[in-house]
Amino acid sequence: MSFSEISKAKALVQIYRKKAKNKNLNLIFHFLKHFLLYYSMLVIPAIDLKDGLCVRLLQGRKEDATIYSDDPASTAKRWESCGAKLLHVVDLDGAFTGNQKNIEGIRKIRQAVGMDIEVGGGIRNLQQIDLLISIGIDRVILGTAAIENPEIVKEACKKYPGKVLVGIDAKNGFVAVKGWVEVTGVRAKELALKMQDRGVFGIIYTDISKDGMMTGPNIETTREMVETLTIPVIASGGVSSIEDIKRLKEIKGLYGVITGKAIYSGAIDLKEAIEIAVKR
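Residue numbers (my numbering): 1 to 280.
Derived DSS-like pairs: lysine-lysine, alpha-carbon spacing no greater than 30 Å straight-line:
no., residue 1, residue 2
1, 85, 189
2, 194, 163
3, 279, 163
4, 163, 77
5, 194, 252
6, 271, 252
7, 171, 252
8, 159, 85
9, 158, 101
10, 158, 194
11, 249, 189
12, 101, 85
13, 85, 163
14, 154, 252
15, 271, 246
16, 163, 252
17, 154, 189
18, 85, 194
19, 77, 101
20, 163, 249
21, 252, 279
22, 108, 163
By construction, these hints were calculated from the structure, which means they are not laboratory data.
Just need the whole structure built from these sequences, with the hints factored in.
This is the structure:
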């Protein structure tokens, strides 16, 4: 399937999805859209919000933050102009404290762009999910809550089918929580399988030893996660070059890859990366 064919198919899905009145029919179009995306790996730009600013952290340490922009909405528009179809947004204040502090910034990003947006960071109850969905966020990402309160995953998936992702941050194969401050005794693959059984749309898998280091992704652990699950897997952490994008797209069935520091530093040209990734 060529790039133009994929684009036309995606456009038709969007048109019919808007016309769909029946909730179940709407859900069918939702999954059809993502089935089409299987033919191309998504390159997903990241925006991390801290105190209303667009920043990047080194290995998740809040004291090692680099500020890239004081206007996250403009940054989102920039990435959309490069061809991005999905934006990854993290409320870092929420991740560290459990309280979402960047809702207004997230709202402005939503108003600024038309691409899909997934949001994570500090989402630990259904009320927070309700709020994000109500302002137009396409998918929410649960992290710490998936371990501390697994029932919320089940409840969220039931209320918002196709709109719930679980972010699994791992170090040496074990899950890290609370903004990577605590490493648990839970194995990443075991948690992923449990979340799949609970009905989540997909898993965002981050090797935290790689994140922000620009040393390349952990290809082997990412491949293992993709092969373990039947739901979409999005890779994150360590992507530092176009060569990394090429290596990741060789993983059969990998849904997408999140890139942050590399596109802000200029190590990766987002438009070029997207063009490469679409050529399976």
